[in-house]
Every structure is written in structure tokens, then in C-alpha cells.
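Single-letter residue listing:
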Amino acid sequence: MTDPILSVRDLGKGFHIHDRDKHVPAAEGVSFDLGPGRLAALVGPSGAGKSSLLKAIYRTYVPSSGQALYRTAAGDVVDLATAPETAITALRRAEIGFVTQFLHCLPRLSTLDVVARPLLQQGVARAAAHDKAARMLAALAIPQQLWDATPATFSGGERQRVNIARSFTQGGRLMLLDEPTASLDPVSRERVCAMIEAAKAGGVAMVGIFHDMGVVDRLADVRIEVRRKAFGDAA
Amino acid sequence: MTPILDVEALTRIHGPGCPACLEVTGPAHDTNICRHCGSVVAVADASLRLHKGEVLGIMGESGSGKSSLVRMLYFDDKPTSGRAIFHDGGRAHELFALNEAQQLRLRDTRMGMVYQNPALGLNFDISAGGNIAERLLMSDEMSYRAIRAKATALLARTEVPPARMDELPRNFSGGMQQRVQIARALSTGAPLLFLDEVTTGLDLSVQARILDLILELQEVTGVSMLVVTHDLGVVRHLTTRTIVMKTGRIIEAGLTDQILEDPQAAYTQQLVSSAL
Numbered sequence: 001m002t003d004p005i006l007s008v009r010d011l012g013k014g015f016h017i018h019d020r021d022k023h024v025p026a027a028e029g030v031s032f033d034l035g036p037g038r039l040a041a042l043v044g045p046s047g048a049g050k051s052s053l054l055k056a057i058y059r060t061y062v063p064s065s066g067q068a069l070y071r072t073a074a075g076d077v078v079d080l081a082t083a084p085e086t087a088i089t090a091l092r093r094a095e096i097g098f099v100t101q102f103l104h105c106l107p108r109l110s111t112l113d114v115v116a117r118p119l120l121q122q123g124v125a126r127a128a129a130h131d132k133a134a135r136m137l138a139a140l141a142i143p144q145q146l147w148d149a150t151p152a153t154f155s156g157g158e159r160q161r162v163n164i165a166r167s168f169t170q171g172g173r174l175m176l177l178d179e180p181t182a183s184l185d186p187v188s189r190e191r192v193c194a195m196i197e198a199a200k201a202g203g204v205a206m207v208g209i210f211h212d213m214g215v216v217d218r219l220a221d222v223r224i225e226v227r228r229k230a231f232g233d234a235a
Numbered sequence: 236m237t238p239i240l241d242v243e244a245l246t247r248i249h250g251p252g253c254p255a256c257l258e259v260t261g262p263a264h265d266t267n268i269c270r271h272c273g274s275v276v277a278v279a280d281a282s283l284r285l286h287k288g289e290v291l292g293i294m295g296e297s298g299s300g301k302s303s304l305v306r307m308l309y310f311d312d313k314p315t316s317g318r319a320i321f322h323d324g325g326r327a328h329e330l331f332a333l334n335e336a337q338q339l340r341l342r343d344t345r346m347g348m349v350y351q352n353p354a355l356g357l358n359f360d361i362s363a364g365g366n367i368a369e370r371l372l373m374s375d376e377m378s379y380r381a382i383r384a385k386a387t388a389l390l391a392r393t394e395v396p397p398a399r400m401d402e403l404p405r406n407f408s409g410g411m412q413q414r415v416q417i418a419r420a421l422s423t424g425a426p427l428l429f430l431d432e433v434t435t436g437l438d439l440s441v442q443a444r445i446l447d448l449i450l451e452l453q454e455v456t457g458v459s460m461l462v463v464t465h466d467l468g469v470v471r472h473l474t475t476r477t478i479v480m481k482t483g484r485i486i487e488a489g490l491t492d493q494i495l496e497d498p499q500a501a502y503t504q505q506l507v508s509s510a511l
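Sequence lines, in order, name chains A and B.
Sequential numbering from 1 applies to the first sequence in the working numbering.
Sequential numbering from 236 applies to the second sequence in the working numbering.
Every clue listed holds true.
Some but not every residue of chain B turned toward chain A, in silico, with C-beta under 7 Å:
(1) L490
(2) D497
(3) Q504
Here are some chain A residues the structure puts well away from chain B; computed CB gaps all over 12 Å:
(4) R9
(5) V43
(6) Q67
(7) A73
(8) G156
(9) L219
(10) E225
Hints listed in this document are in silico derivations from the structure and should not be mistaken for laboratory results.
By construction, the Cβ of each residue, glycine as well, lies at the ideal position given by its N, Cα and C atoms.
I would like the entire structure built from these sequences, with the hints used as guidance.
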């Protein structure tokens, strides 16, 4: 068996709200190993803390407990829970991607630029970056007439596909997917699933949240049950 | 990542100062005024590292010490104690150990500052082009023709119409004045830039275009920036890491998305939750 890309050990998250002097538990610790080309689905009821865990792996949230040991392309093992911010920034730029349901982008950029941007930031030449971005947009059936326009004017489903195109254009070794297929029509959902399968086949490891159990059945190699820690438990 | 600026325990106390100043001020006391001697502790024990090509935000409310911090680094003010090392092209300058002439030389050629108030960063009595030429002259650019060509190119890059380069900046709109300031700050190709509330007080649409411009220039030039702001939107838009200051102290530091979505300190939680 190949070495895992990600080994999550008792990773949990809670929030301390100083204002009310209150501890709000979000997710009980989970543990799993994830190898290249494998997809782990976080499953559990709404409010169980699935998104919190995903954000804790990406370090948008500071984990409250546990480790997320990531093996880099260079072969080093980095605990994403505690690594210096500059290490996290470098990994986010080159190796670890995050796909959200919501597109936060500059309303003043064209769709093609939005999708190509992460590559440009990695130092890829403009023509090559645009070329790859165009292929991704085409694969997700965003009409070419829209590529010059800003995604701010798009429908929810179109924006979500632009967002997915951007994340998959950037690529990486580990991708974190937060409901990438929510609010998509069946045809678009099929395209996104195909894109995820292609990335898996290319060796990308993924942790994902999908509200559609059919998608979980199709894509997931392993399911991780997530439970909210009871109020009153120690942090 | 290579460091470009290391700030160590920088402190600035206005007033006589006394041994108790640092103990009786700060976030825990919710004041920066020493109750024993009346001194104002503007910045206390501030340490940070800025890396090459990095954009670091310094966030906090008015009076938190964020502007005082960068003003010392740009030699607008002198620290009471502490050090700062500027790593520039294989040389490490200990900023506050240099003599005044050396400091001015670094400031004029290897650092840039964009102030909230354009009157501080520009000479309103000479033309927009002249403002840039002035800085180019300090960096030993001598030929009139070369200076004029460079000033024109810089203004074009910051979207100031070349037709207006011979006008006085006092006649410009606030947004345009900021563009001239940015062009001036960038003119010598300095690797280190300080931005102090550069979009505060501008119309929203003008703010957005100035921020886009800064982001674009940063990506093209790879310049390192310290961005002082009280505006969460500016931090989100420009920076990858953020430092939060309160009553002269750094109380929290982290990835910008983490600071905004999962702030740890009580004060940062308050600051983030008070966003509109």
C-alpha cells in the first residue's frame, strides 16, 4: 500500500465565543488515512461539523484538537494543524485546493481571468494559464460567450461551475470539496462528478462533503462519520 | 520563504516614560496611557517578520498603534527601543543603527510609503510628473529625458492620464492623488512598500480600483508590502497574513482567512463581528 497523503488524527473543532464566554462545539475528533487517488466523504447530519472539519484541515479554522499530517510533494510530513502560516500559504498555492459552494471573486475580473488566476499566481505564463482555464470552462459547459463577462452576473449554478473550474485548473495533490455538486442541475452534476473522477484517476486525494448520497456512493472510497460534540464536553 | 523585514520588540513611548509604563498599559488594561507618568505607549514590544513578495496586513482600530509601527519603519518617527532588520539584496540593514543620511537614502530609494493623506506623500506645489521626478533624482537618475519618460510610464501604469502630468496634484481628485502617490512610491523599484490606510475616505468604486491596481502591481513587481488598515475588506482583498493590534500590542496573527473566519482573541472576534 502506498503511503497516505493525509493522515487525520483525532482532528476536532470547537469555538470559544469570548463575548458570551461560551464554548460552542463543532465537530468531535475524527481520524482517517487518505492515499493518492482516494476520496473520503465526510457524512453526518446537518450541523454535525463537516464543513468545520474541512476548514480545519485547510486551516481557515484553527483546529481545537488533533493533527492533520500532510505528506508534501517533496516528501516531508507537515501537521497542517500547527504548521507555520507561511508553510500553509505555500501549500495552498501549490498543493492543496479548496472548493466551496460560494464563489468569492473580484467582480471586476473576467471569467477566464478568475479561473486562470491561481495559475498566474503560481507563475504560469498567461497564454498557458488561459488555455488550461478555457479547457476547464469548456468541460463544465460554460458557454464561451460568457468567458469575457464577470461571474458576478451569472446564475448560482454557473458561478459554482466557474468556481469548480478554477479549483480544478489550479489542481494540486489534495483537494477539499465543500458541497461541489449542491444546487447543480443533473447534467452539470454529472460533469462535475466526471471531473472529480478524472482528478482521482490522476492521483489527487480528496476529502469531500456531498449532500447527495448518490454522489457519495459513486465517488467515495471511504466514509467518515462526523458527529457534533455534545455541549458541555471539554474542549 | 526569505525574510525581507524582521521587526524585533519595537516600542514607542510618547512622554517621559517610567518603569511601569509597559505593565499598566495594553489590552488587559484597555488603555495605552500609563497611569503613573501619563506617557502614551503607542507601540509596545511589536515583533513581526515580512517575507519577500508577501503582503502582510496590520489591522486594528484608531489608536491601536498600527500606523505608528510603520511610520517608525519608514523613519517618520524614532522608536524608544527595539530593532528592525531590512534584508535588501544580500545586505542586512539594522534600520535604527544607521545614521540619518543612510536612513534617508534607504527611504528614498529602497522603500516606498503611501499615506492615507496624499498631502503627506506628495509635494502639492510641484506637478504630478515633478513629484515622481523628484524621487527618481534622489536615486541618481540624471537625464531629463529619461526621467520624463519614466514618470510618464509610471503614471500611465497607475492610470493617471499623461495629459495631466504637468498639473499640480492639489487639483486632482482624491483617487487620482492616491494613484500619483502609488506611482511615486513605486518609481525607484523599491522592494518594500508601506501602505497606510490608502483607500480610507475614498468612494467605494474608487477604493475598489485602487485596490485592484495595488494587487496587480504587487503581482507584477513582487514587491513586499505592509498594509495598515482598519477595513476588513482591504485585508481580505490584499493580504495573505494579518496581524491584529490593540492598545499598542500585537494580540493576534494568522492567515487572513483564519483571522476573519475563526478569530481567536476576544477583541478580534468583536472587530470581525462588527463588520457591516
